[in-house]
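Asker: Given next are the chains, with one letter for each unit.
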Amino acid sequence: MPNARLTAWLPYFVVGLLALFPMVESTFYTQLLTKVLIMAIFAMSLDLLVGYTGLVSFGHAAYFGLAGYALALMAPKYETVSLWWSLPAAIGVCALFALVTGTLVLRTRGIYFIMVTLAFAQMLFFIFHDTKIGGGSDGIYIYAKPVMKLGDAVLLDLEKLQNFYWLVLALTALVYLLLHRVLGSTFGRALLGIKVNEHRMRALGFPVFRYQLASFTLSGALAGVAGYLAAAQYGFVNPEILSWHQSGAVLMMVILGGMGSLYGAVIGAFAFVLLQEVLSNQAWFGIAAKHWQLAMGIFIMLVALYLPQGLAGLLQQFGRKPVTEIADE
Amino acid sequence: MDFAFFLIQLLNGLQYGLLLFLVASGLTLVFGIMGIINLAHGSFYMVGAYLAWSLSSLTGSLAAAILLAIPLTVILGMALERLLFRHLYQRDHLYQVLLTYGLILVFEELRSIIWGDDVHGVVVPALLNASIPLTDNLSYPVYRLAISGVCLLLAAGLYFLIQKTRLGMMIRAGASNRDMVQSLGIDIKLIYTLVFALGIALAAFAGMINAPLSSVFPNMGSQVLIICFVVVVIGGIGSVKGAMAASLMIGLGETFGQVLMPDFAGMIVYVLMAIVLVWRPEGLFGRA
Chain A
196 MPNARLTAWL
206 PYFVVGLLAL
216 FPMVESTFYT
226 QLLTKVLIMA
236 IFAMSLDLLV
246 GYTGLVSFGH
256 AAYFGLAGYA
266 LALMAPKYET
276 VSLWWSLPAA
286 IGVCALFALV
296 TGTLVLRTRG
306 IYFIMVTLAF
316 AQMLFFIFHD
326 TKIGGGSDGI
336 YIYAKPVMKL
346 GDAVLLDLEK
356 LQNFYWLVLA
366 LTALVYLLLH
376 RVLGSTFGRA
386 LLGIKVNEHR
396 MRALGFPVFR
406 YQLASFTLSG
416 ALAGVAGYLA
426 AAQYGFVNPE
436 ILSWHQSGAV
446 LMMVILGGMG
456 SLYGAVIGAF
466 AFVLLQEVLS
476 NQAWFGIAAK
486 HWQLAMGIFI
496 MLVALYLPQG
506 LAGLLQQFGR
516 KPVTEIADE
Chain B
5 MDFAFFLIQL
15 LNGLQYGLLL
25 FLVASGLTLV
35 FGIMGIINLA
45 HGSFYMVGAY
55 LAWSLSSLTG
65 SLAAAILLAI
75 PLTVILGMAL
85 ERLLFRHLYQ
95 RDHLYQVLLT
105 YGLILVFEEL
115 RSIIWGDDVH
125 GVVVPALLNA
135 SIPLTDNLSY
145 PVYRLAISGV
155 CLLLAAGLYF
165 LIQKTRLGMM
175 IRAGASNRDM
185 VQSLGIDIKL
195 IYTLVFALGI
205 ALAAFAGMIN
215 APLSSVFPNM
225 GSQVLIICFV
235 VVVIGGIGSV
245 KGAMAASLMI
255 GLGETFGQVL
265 MPDFAGMIVY
275 VLMAIVLVWR
285 PEGLFGRA
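Chains as they are written, first to last, in the numbering used here: chain A, 196 to 524; chain B, 5 to 292.
Please note: incorrect hints may appear among the correct ones.
Stated by the list, open to error - List time: in silico DMTMM-like cross-link candidates among lysine to aspartate or glutamate, alpha-carbon distance up to 20 Å:
| # | chain 1 | residue 1 | chain 2 | residue 2 |
| --- | --- | --- | --- | --- |
| 1 | A | K485 | B | E113 |
| 2 | A | K344 | A | E354 |
| 3 | A | K485 | B | D122 |
| 4 | A | K327 | B | D267 |
| 5 | A | K485 | B | D121 |
| 6 | A | K390 | B | D96 |
Note that these hints are calculated values from the structure, not bench results.
For reference, chain A alone in the conformation it holds in the complex (with noise of 0.2 Å):
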């Protein structure tokens, strides 16, 4: 089918034109696009939860705060630090904590799942809030970028936009990469089989429990690499990153793309953060752009109701493909 084979050439047509981008645009739109595709990679991590395994968590922040947190605090005050270990470093700490509070919310299903994530989200966020570890309320700056050295020899300036442009998105593609693996293979066919049927599968042998918190664990470590690379960006973390906003813009996003196709997580997340661009322009709204929560929250409220299966399901009901077929695949 020539359809088929587009499509598989389709994501690397996307990253090379991607790639292209900082060479054509402005700091601002380079920028911006940054920010959208660290938002692209917190959307797919949820979506391996909520879209793949079926678990509905909004307190998915956490994960992405404790990152940010995690890098701020290693990084030395007046000296740079090395991507190379603080990296991983910062996933291993969002793993861990994920594995921990993982084997907790696991045992509670749907509404309380949802509230036991939150609350957990909370807990964390409060302890970065009110006491002194992480600079409580007013944060922490990171006066410099990671760097990336071979030796003694820089690899790549991240000081510049266009290199940490590329970094990024080099990951994006690379979680991308790494989700499609997984959801491929016997263990993602396992999460679906989980979502769809919990107790047929444990019916036939496999051990649910394990398969929901290795994919909780994955999903909190890779919402660490978003929340590594945001706090990098921006400079500075503090409690926000965590807070329960965090968890449902990106909860929207994930629904907005369309969940349970990881495509539709970014879509997701592009339309989320250049919708906010537009509704809080004021050379654009004047006055209301001060209050683009509204207009936000209104457009959060319809999508609920009028577009269950996000954009992706949009687009694929244009390609006369049943939406139904798409959520059982």
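Model the placement of chain B on the given structure of chain A, informed by the hints.
Answerer: Showing chain B alone in chain A's frame:
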């Protein structure tokens, strides 16, 4: 810790717990009976507090403000159920989360547009503005006692309504089998609307009576909401009895935590939740 000091902390803990119960009971009823997760529940607490503030500065009396505000919140609740929540009963929790998350943003922005972003104080009614002396330099405010009393009365009323009245019987029946109740000729849609409005009115009322103690500020709803989630998880979804037990546990735990080990007070609530989750994942009074 001498006895008078201990008594004050005990009363504070009970009062805080009872107030939490008002908010959490509405949340757990809506969960348990309609199967709806309402993240915007805390926003109604905020709306109640802001109504109390603006109406009491308008009328000059908190009591009058509360009497005016209660019907307003009931109408708000009924309208929201009819317009929004009704469409989500059969849908996945995910969409309920999204819709109510959107609703929080809308409420916060409307609050910012209508009432601004400043912190406001509400005056304690003159009638209740007194203190009971306990020792030479310790005393206890009457207003806090009044709040506890009102909350206890409402809790008793709620128990009576659900367990002893015909309406309560219909509500309980509707929780276990919606279609069966409907085919017996009971207007289940109306009952859902009423339960939802009741839950919202309770949350808003809690915001109103607590306004003189907590003052009125942006994002006050989300703080309460998260604690109420913990209450519902500990108590068991849909269990009003559980909500009462868990509210008191959290109220006392947090109050005494702040006195005994102030550094970890914020954590205590979540540690309690984690313990309950390990021991009884369905909550203290939940159905497994």
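Asker: Hints first: check each against the structure and report whether it holds.
Answerer: Evaluation of the provided hints:
Restraint check for K485 (chain A) and E113 (chain B): satisfied, since their Cα atoms lie roughly 9 Å apart, inside the 20 Å limit. Restraint check for K344 (chain A) and E354 (chain A): satisfied, since their Cα atoms lie roughly 13 Å apart, inside the 20 Å limit. Among the hinted pairs, K485 (chain A) with D122 (chain B) is consistent with the structure: their alpha-carbon atoms are about 16 Å apart, no more than 20 Å. Between K327 (chain A) and D267 (chain B) the CA atoms are separated by roughly 10 Å; this keeps the pair inside 20 Å, and the hint holds.
Annotation: proposed proximity of K485 (chain A) to D121 (chain B) holds, straight-line Cα distance about 13 Å (limit 20 Å). Distance hint between K390 (chain A) and D96 (chain B) is fulfilled; the C-alpha atoms sit about 13 Å from each other, no more than 20 Å.
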